[in-house]
Amino acid sequence: MNTTIENRPNAQRAIATPINGGEQFFRPQFDVIETSEAFEVHADVPGATADNVEIDFERGVLSIHARVRRDNNRKLVRREFGVGDYRFQMFVSEDIDSERIQATVKHGELTVRMPKADRARSRKIAVREG
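Under our numbering, the residue at position 40 of the sequence shown is numbered 42, and the numbers go up by one with no gaps.
FYI, nobody ran anything at the bench for these hints, they're computed from the structure. Hints should not be assumed to be uniformly reliable.
[Unchecked claim] Mimicking EDC-like on lysine to aspartate or glutamate, the simulated pairs with C-alpha atoms at most 20 Å apart in a straight line are:
| # | residue 1 | residue 2 |
| --- | --- | --- |
| 1 | K108 | E56 |
| 2 | K118 | D58 |
| 3 | K118 | E36 |
| 4 | K118 | E42 |
| 5 | K118 | D99 |
| 6 | K118 | E60 |
| 7 | K126 | D97 |
| 8 | K118 | D33 |
| 9 | K108 | D53 |
| 10 | K126 | E39 |
| 11 | K108 | D87 |
| 12 | K108 | E42 |
| 13 | K126 | E36 |
| 14 | K108 | D73 |
| 15 | K118 | E101 |
| 16 | K108 | D46 |
| 17 | K118 | E39 |
[Said to hold, decoys possible] What follows is a list of derived Cβ distance ranges for each label pair:
| # | residue 1 | residue 2 | range |
| --- | --- | --- | --- |
| 18 | V129 | A52 | 42 to 50 Å |
| 19 | M92 | Q26 | 19 to 27 Å |
| 20 | A52 | E131 | 49 to 57 Å |
| 21 | E131 | N54 | 53 to 61 Å |
| 22 | S65 | K108 | 17 to 25 Å |
Built from N, CA and C at the ideal position, the CB exists for glycine as well.
I would like the entire structure built from these sequences, with the hints used as guidance.
Structure, rendered in structure tokens:
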């Protein structure tokens, strides 16, 4: 998908807008951590709850979609967090055990843990005298 990234004057995070005129969405800030056993994605999705986050993993692509709606019961003085849809995709080059992927969201941080498949894990090979 072709996208452009632009800064909004109201200090919200960068918004990606499809060139073909489709919907606008926020791209969350994120970190990816690799260990010998797994990849972990930590993404900022302020206001998101487990009920409004969808995660898919298909053919090596992790897709995240979170819907954050405005809380009309609070008096907002200033807004810097995005309200709307957060979308993110990343290709994972390693073999992932998709049956063991886990995700949690707490205080606006989404954590996705993707364990590597046994065949993708590095291991030490013992060398014996012959």
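Each hint tested on the structure:
no.: 1; hint: K108 - E56; result: holds (15 Å)
no.: 2; hint: K118 - D58; result: holds (16 Å)
no.: 3; hint: K118 - E36; result: holds (10 Å)
no.: 4; hint: K118 - E42; result: holds (11 Å)
no.: 5; hint: K118 - D99; result: holds (6 Å)
no.: 6; hint: K118 - E60; result: holds (15 Å)
no.: 7; hint: K126 - D97; result: holds (19 Å)
no.: 8; hint: K118 - D33; result: holds (18 Å)
no.: 9; hint: K108 - D53; result: holds (12 Å)
no.: 10; hint: K126 - E39; result: holds (14 Å)
no.: 11; hint: K108 - D87; result: holds (18 Å)
no.: 12; hint: K108 - E42; result: holds (15 Å)
no.: 13; hint: K126 - E36; result: holds (18 Å)
no.: 14; hint: K108 - D73; result: holds (18 Å)
no.: 15; hint: K118 - E101; result: holds (11 Å)
no.: 16; hint: K108 - D46; result: holds (10 Å)
no.: 17; hint: K118 - E39; result: holds (6 Å)
no.: 18; hint: V129 - A52: 42 to 50 Å; result: holds (48 Å)
no.: 19; hint: M92 - Q26: 19 to 27 Å; result: holds (20 Å)
no.: 20; hint: A52 - E131: 49 to 57 Å; result: holds (55 Å)
no.: 21; hint: E131 - N54: 53 to 61 Å; result: holds (60 Å)
no.: 22; hint: S65 - K108: 17 to 25 Å; result: holds (21 Å)
In this structure, none of the earlier numbered hints is contradicted; all agree with it.
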